[in-house]
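S.K.: Listed below, chain by chain, are the residues.
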Amino acid sequence: MHFFLEPGFFSNAPVRTALLLGAVVAAVSAVVGVITVVRSQSFAGHALTDVATAGGSGAYYLGVGALWGFLGGSLAGAGAMELIGVQRVRRRDLATGIVLGAATGLSALFLYLDTTVKATTGATQQILFGSIFSVSSSTIPYVAIFGGLVVLMMAIMRRPLLLTSLSSEIASSQGVRVRMVGVLFMFCLAVSVGLSSIAIGSILSTALLIGPAATALRVARSIAAATFLAIGLGIISTWLGILLAYDSFYWDPSSQGLPVSFFIVAICFVFYVFSGIALSRRRAQETRRPVATDSALSAEGR
Amino acid sequence: MSIDGKGTPPVLEVDGVSVSFGSRNILHNVSFELRAGEFTGLIGSNGVGKTTLLRVILGLQPISTGSVRVLGAPLSKRSRALGYVPQKVLLDPDVPMRARDLVALGLDAHKFGFSRRSATEREKVEEILVAVDAESFADARIGSLSGGEQQRVLIAHALISSPKLLLLDEPLANLDPGSVQEVVALLHRVAKDHGVSILLSAHEMNALLPVMDRIVYVSNGRVASGTTDEVVRSDVLSELYGHHVDVIQLHGRIFVVAEPGTSAEDVPEHPRYQVD
Ligand SMILES: Nc1ncnc2c1ncn2[C@@H]1O[C@H](COP(=O)(O)OP(=O)(O)O)[C@@H](O)[C@H]1O
Ligand SMILES: [Mg+2]
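Chains as they are written, first to last, in my numbering: chain A, 17 to 318; chain B, 633 to 908.
Be careful, since some hints might not be right.
[Claimed, not checked] Covered stretches of chain A, going by a simulated chain B footprint (3 or more residues, C-beta under 8 Å):
id : segment
1  : 171-183
2  : 189-200
3  : 228-238
Think of the hints as simulated: they come from the structure by calculation, not from any bench.
On a predicted model such as this, the values are computed, not experimentally measured, just so you know.
Even for Gly, the Cβ is constructed at its ideal location relative to N, Cα and C.
Kindly produce the complete structure, drawing on both the sequences and the hints.
M.R.: This is the structure in structure tokens:
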């Protein structure tokens with residue numbers, strides 16, 4: 017006989033570390049993710065996860081802590097994208113694509129070295145898909161400090177960032193330092209990707225960055241509301257994922273349990289699908305507003 | 633609003649401004665002045681450099697020669713004396729931003745920090761929404777509004793910092809005729825009520841004739857400026873275009889017509905498309 021919420025769940029040290037780490041990472045990803053979606057920079061965010069993979073696998077090979085590899089990788093990637101011209105809309109995809117390609121090549125090299133030269137077969141799985149239960153509790157303070165820094169920066173620059181994201185032309189005419197704001201945001205995005213790589217793996221960190229944010233943006237009435245909703249959804253997905261993964265040890269006695277990252281990403285996806293229902297309700301309401309009917313419809317048809 | 637006396641400087645002085653992109657001279661030795669409270673149309677066909685000129689005035693476009701002074705002072709990038717509504721702002725219907733949120737950003741989006749908006753500031757947002765007749769859709773997502781409604785919200789955003797000069801880039805393009813009338817009337821009223829000068833670019837001048845105090849007519853990288861009667865004349869415009877054009881007045885509308893054979897592309901209003 018076994019309970020869904022096993023009595024030992026909260027007394028298990030790796031579980032407690034995972035819950036704490038998961039909450040911090042989900043919150044930071046949500047705050048950054050909302051603006052990433054509004055700025056249409058999801059592709060840049062995803063490219064950074066590839067650079068984080070290269071950094072993480074390189075760190076593994078060199079025997080450095082994975083967090084530093086992930087963070088170093090994605091920050092270097094953000095720097096490279098900035099140099100190539102990610103701020104200019106027309107060169108954005110190009111800059112992102114070039115960095116993504118180069119990084120994936122490096123990842124291939126390091127992951128190969130990790131598994132052959134160092135004979136650590138778990139490396140690929142751990143770097144790409146994460147292993148939240150095996151994160152050492154000594155990592156938590158670093159994650160909290162970097163996460164806190166990002167949230168603080170995002171809070172301080174929320175208004176310039178928002179106006180820049182809506183129209184850089186209006187923002188610069190109002191005296192916003194558009195370029196500086198863009199660079200600072202890329203920094204936040206890179207740190208956020210580095211942090212979530214530790215928790216759910218570099219490849220899947222896009223899902224935690226974009227999933228809850230996209231869901232929240234569909235249903236919320238303002239950016240602030242969307243941000244708080246995304247934080248809530250992110251934390252719920254992460255905790256529920258951890259609980260299910262822990263529980264899955266009991267589903268099939270011969271298995272070792274299923275990966276946490278799978279559950280987290282699956283739950284994020286389920287939320288997104290359900291938000292579609294809320295969205296179609298809101299659209300129906302908007303269409304009933306007589307003046308906006310034309311534009312709402314034509315916006316749909318773009 | 634009356635035209636100011638000798639003491640106060642013009643709202644805007646553009647003096648000998650030239651702009652080139654690579655080897656192409658877009659604006660050549662352009663000079664004109666705007667005075668307080670005046671409604672000025674910046675008229676010229678597509679591609680003559682209207683947007684470029686507005687960006688020069690905002691300090692967003694480097695110039696090769698000349699100078700720009702706003703309220704008698706040299707241009708500074710962070711000037712709050714100017715409000716701007718750019719051409720073709722694409723507002724994403726999927727972004728949950730209400731009209732009032734965007735208007736409020738006009739107060740403080742250039743500042744970093746945590747500060748909350750005061751009650752006075754929130755009142756100011758309401759006032760300006762009322763001034764542009766946007767109360768009824770103040771809580772709707774901006775991306776879902778019609779072109780004319782979005783235009784009014786963008787005007788409110790530009791006005792809330794109490795600028796002395798409001799620059800609008802083709803705000804009437806892509807509006808249906810009814811909305812054109814509404815936006816023009818709104819701008820005229822706002823200019824008088826708030827004592828703000830307006831410089832509005834358009835490739836078609838007829839909708840502006842009832843409200844325009846002065847005109848700045850652009851062609852071939854040069855401008856002619858003055859009242860409509862002073863500028864929209866066959867001799868002045870022929871000189872500007874570099875070939876003969878006729879100015880025809882018909883039912884209170886003005887048409888600039890090139891002789892057959894001359895290239896008519898740079899003539900903004902061609903009768904074939906105008907007579908209805
Ligand atoms: N950044 C730029 N680089 C090169 N050419 C430009 C740039 N911006 C505008 N131009 C050119 O300058 C000319 C004037 O453009 P613009 O000011 O946008 O005209 P208008 O607003 O009157 O239609 C056009 O031929 C355009 O192609
Ligand atoms: Mg233009």
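S.K.: Does each hint fit the structure? Answer for all of them.
M.R.: Consistency of the hints with the structure:
1. Closer than 8 Å: that is the beta-carbon criterion, and the segment 171-183 of chain A has 9 residues meeting it against chain B, so the requirement of 3 holds.
2. With a cut-off of 8 Å between beta carbons, the segment 189-200 of chain A has 4 residues touching chain B; three or more are needed, and the interface restraint holds.
3. A stretch counts as covered by a chain when three or more of its residues have a beta carbon under 8 Å from one of that chain; for the segment 228-238 of chain A and chain B the count is 5, and the coverage holds.
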